[in-house]
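Here is how the chains run, residue by residue.
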Amino acid sequence: MGIIQNIGKYFMMMWIVFSKPEKWKIFYRRFFEEMELIGIKSLPIVALMSAFMGAVIALQTASNMDNPLLPTYTVGYITRSSTILEFSPTIISLILAGKVGSNIASEVGTMRVTEQIDALEIMGVNSLSYLVLPKVTSAMVFFPVLIIFSIGLSLLGGWMSLKLSGLSSTETYIYGIRFFYRDSDIVYALTKTVVFAFLITSIASFKGYYTKGGALDVGKSSTEAVVSASVAILIANFFLTQMFLL
Amino acid sequence: MIEVKHVNKTFGDNHILKDVSAAFEKGKVNLIIGQSGSGKSVLAKCIVGLHEVDSGQILYDGRDFTKMDRLQRKEIRQEIGMLFQGSALFDSMTVEQNIMFPLTMFTKMSRKEMQDRVNFCLERVNLAGRNKLYPAECSGGMQKRIAIARAISMNPKYLFCDEPNSGLDPQTSILIDNLIREITYEYEITTIVITHDMNSVIEIGDSVIFINKGQNWWQGDRKSIITTDNPEINDFVFASDFMKEIKEKMKSE
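As you go down the protein sequences, you meet chains A and B in turn. Following this note's numbering, the numbering of the first sequence begins with 4 at its first residue and continues without gaps. Following this note's numbering, the numbering of the second sequence begins with 567 at its first residue and continues without gaps.
Next comes chain A alone, as it looks inside the complex (with noise of 0.2 Å):
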């Protein structure tokens, strides 16, 4: 019953969310600073995460490879696919509910232990759509483009790898990576991103504007935001999977 009474209420909080903006202008501004504390300070963790991550996904594959009848184009094929389906939207996605969620779910939890939200509301301002609209689609903007930047370090990484480990040329790999190349996985990619950007920002909104309690109430409240929001990105990677790819 609870969980059901928690999906009615989160859905009735979207809808104020979405409801118009109270001045474009200061919309816009806060969409910019969003931007810039959920996109842009999210830079470094998903650069090394990426860049590890591609580099071991390379290494793998190289180190497993011993059937002779395998190309050896293989690596940088295998190293691509994975990394544009799976890892770059998914698991860094799976980073971000940790990173970005924590913290948005903190900020707002924050803010309504200490009154500020009462304060807005009794302003006249709509808090919801003032507060949680700007993270949402700045996210939904900006996830995109981290997942873009991911991609590429992700096959940087493994590049780097293979040349360092000399398990693979660089002109191999290379033609690994364009090999059999869809622009359909790259949409599907981001498409995904675009969801999970929205899950995981509306989620730990959700679970911050409805904190009760004190500051032992705000750290509760963040933890359900990132495992909520994980689990919520790991039921919709399966679906927009049946959806995209089967």
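Please keep in mind that the hints were generated in silico from the structure rather than gathered at the bench. For each residue, glycine too, the CB sits at the ideal point set by N, CA and C. Heads up, a few of these hints could be off.
As the list claims (entries may be wrong) - Listed next, the in silico SDA-like pairs over lysine to any residue satisfying Cα-Cα at most 20 Å (straight line):
{"#": "1", "chain 1": "B", "residue 1": "Lys571", "chain 2": "B", "residue 2": "Glu662"}
{"#": "2", "chain 1": "A", "residue 1": "Lys44", "chain 2": "A", "residue 2": "Asn106"}
{"#": "3", "chain 1": "A", "residue 1": "Lys28", "chain 2": "B", "residue 2": "Glu662"}
{"#": "4", "chain 1": "B", "residue 1": "Lys640", "chain 2": "A", "residue 2": "Ser22"}
{"#": "5", "chain 1": "B", "residue 1": "Lys678", "chain 2": "B", "residue 2": "Asn697"}
{"#": "6", "chain 1": "A", "residue 1": "Lys23", "chain 2": "B", "residue 2": "Thr632"}
{"#": "7", "chain 1": "A", "residue 1": "Lys23", "chain 2": "B", "residue 2": "Leu637"}
{"#": "8", "chain 1": "B", "residue 1": "Lys592", "chain 2": "B", "residue 2": "Asp620"}
{"#": "9", "chain 1": "A", "residue 1": "Lys26", "chain 2": "B", "residue 2": "Gln663"}
{"#": "10", "chain 1": "A", "residue 1": "Lys215", "chain 2": "B", "residue 2": "Phe577"}
{"#": "11", "chain 1": "B", "residue 1": "Lys698", "chain 2": "B", "residue 2": "Pro736"}
{"#": "12", "chain 1": "B", "residue 1": "Lys640", "chain 2": "B", "residue 2": "Asp657"}
{"#": "13", "chain 1": "A", "residue 1": "Lys28", "chain 2": "B", "residue 2": "Met680"}
To be verified - Residues on chain B that point at chain A, a partial pick, calculated with CB under 10 Å:
{"#": "14", "residue": "Ala654"}
{"#": "15", "residue": "Leu655"}
{"#": "16", "residue": "Asp657"}
{"#": "17", "residue": "Ser658"}
{"#": "18", "residue": "Pro668"}
{"#": "19", "residue": "Asp728"}
Add chain B to chain A, keeping to what the hints say.
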């Protein structure tokens, strides 16, 4: 003037407000006092619309707040200023941005006009020149004064203060009380103050409502609170022996 008529509010099985009626007059400091858990904060939150009432009416100069839709409420809320117990300043904004916030949201003032208004409000609360500080860099008393400045920035008709003296030393409390009283008289505001502070009751209570067990138990002014024989209010206001002595002295005078 704000009128509350036969308001009831329950949370689950807890009947918090039981048929509460009260009138809060314009240009006066109206205090709501009562023990912790008596329902005074719930009453205030019902009046400003943070809680929905189960039944009854809340009238802002005759306009029934309980029957209004979101947009109509928004108009009323722009006439309300509120000072929260913990000040509720936006900690990511400077003092100036905090005070300017309602102006940027709801007025078409130019930057210069807003700046002038901020400076005026800060001067009014004796904090001129503190524009660029962040709330975390200010003391508790300063934060309350900044919150008052933000509350009056839109020239409110109604001012709500939720325990404005909590956590403040006696001198700063008196300063805040005086400020609330001056602003109320100066701008003819309907002010409602929720307080536990007996100094405030004696100093600024033009009208005092005592909420007990979710009901409007007693209503009067600061003079009649001293002379009343109501046992519940005497137990609450003059709880200590020292206060009882003071009451006897004041009564005899």
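Cross-check of the supplied hints:
Taking the CA atoms of lysine 571 of chain B and glutamate 662 of chain B, the gap is near 38 Å; set against the 20 Å cutoff, the hint is violated. Between lysine 44 of chain A and asparagine 106 of chain A the alpha-carbon distance is near 12 Å, which keeps this suggested pair within the 20 Å criterion. Distance check on the hinted pair: lysine 28 of chain A and glutamate 662 of chain B sit about 19 Å apart at the alpha-carbon level, within 20 Å; holds. About 15 Å separates the Cα atoms of lysine 640 of chain B and serine 22 of chain A, which keeps this hinted pair within 20 Å; it holds.
With a C-alpha separation of about 14 Å, the suggested pair lysine 678 of chain B and asparagine 697 of chain B falls inside the 20 Å cut-off, and the hint holds. Proximity of lysine 23 of chain A to threonine 632 of chain B is assessed by CA-CA distance (about 24 Å); at most 20 Å being required, the pair is judged violated. Of the supplied pair hints, the one linking lysine 23 of chain A and leucine 637 of chain B holds, its CA atoms being roughly 12 Å apart against a limit of 20 Å. For the hint pairing lysine 592 of chain B with aspartate 620 of chain B, the CA-to-CA distance comes to about 26 Å; that exceeds 20 Å, so the pair is violated.
Straight-line distance between C-alpha atoms of lysine 26 of chain A and glutamine 663 of chain B comes to about 16 Å, which keeps the hinted pair within the 20 Å bound. The straight-line distance between the Cα atoms of lysine 215 of chain A and phenylalanine 577 of chain B is roughly 15 Å, inside the 20 Å bound, and the hint therefore holds. A C-alpha spacing of about 28 Å is found between lysine 698 of chain B and proline 736 of chain B, which places the hinted pair above 20 Å, so the restraint is violated. Note on lysine 640 of chain B and aspartate 657 of chain B: the hinted pairing is violated, with a Cα-Cα distance of about 24 Å set against a maximum of 20 Å.
About 16 Å separates the Cα atoms of lysine 28 of chain A and methionine 680 of chain B, which keeps this hinted pair within 20 Å; it holds. Among the interface hints, the one on alanine 654 of chain B holds; its C-beta lies about 4 Å from the nearest C-beta in chain A, closer than the 10 Å criterion. Satisfaction of the interface hint for leucine 655 of chain B is found here, the shortest Cβ-Cβ separation to chain A being roughly 8 Å, below the 10 Å cut-off. Contact between aspartate 657 of chain B and chain A, as hinted, is supported at the beta carbon level, the nearest pair being about 8 Å apart and thus within 10 Å.
At about 9 Å, the closest approach between the beta carbon of serine 658 of chain B and any beta carbon in chain A falls short of 10 Å, and the interface hint on this residue holds. Annotation: interface hint on proline 668 of chain B holds; nearest CB of chain A at approximately 5 Å, less than 10 Å. At a threshold of 10 Å, the smallest CB-CB gap from aspartate 728 of chain B to chain A is about 8 Å, leaving the interface hint in force.
Comparing the model with each numbered hint stated earlier shows that hints 1, 6, 8, 11, 12 do not hold.
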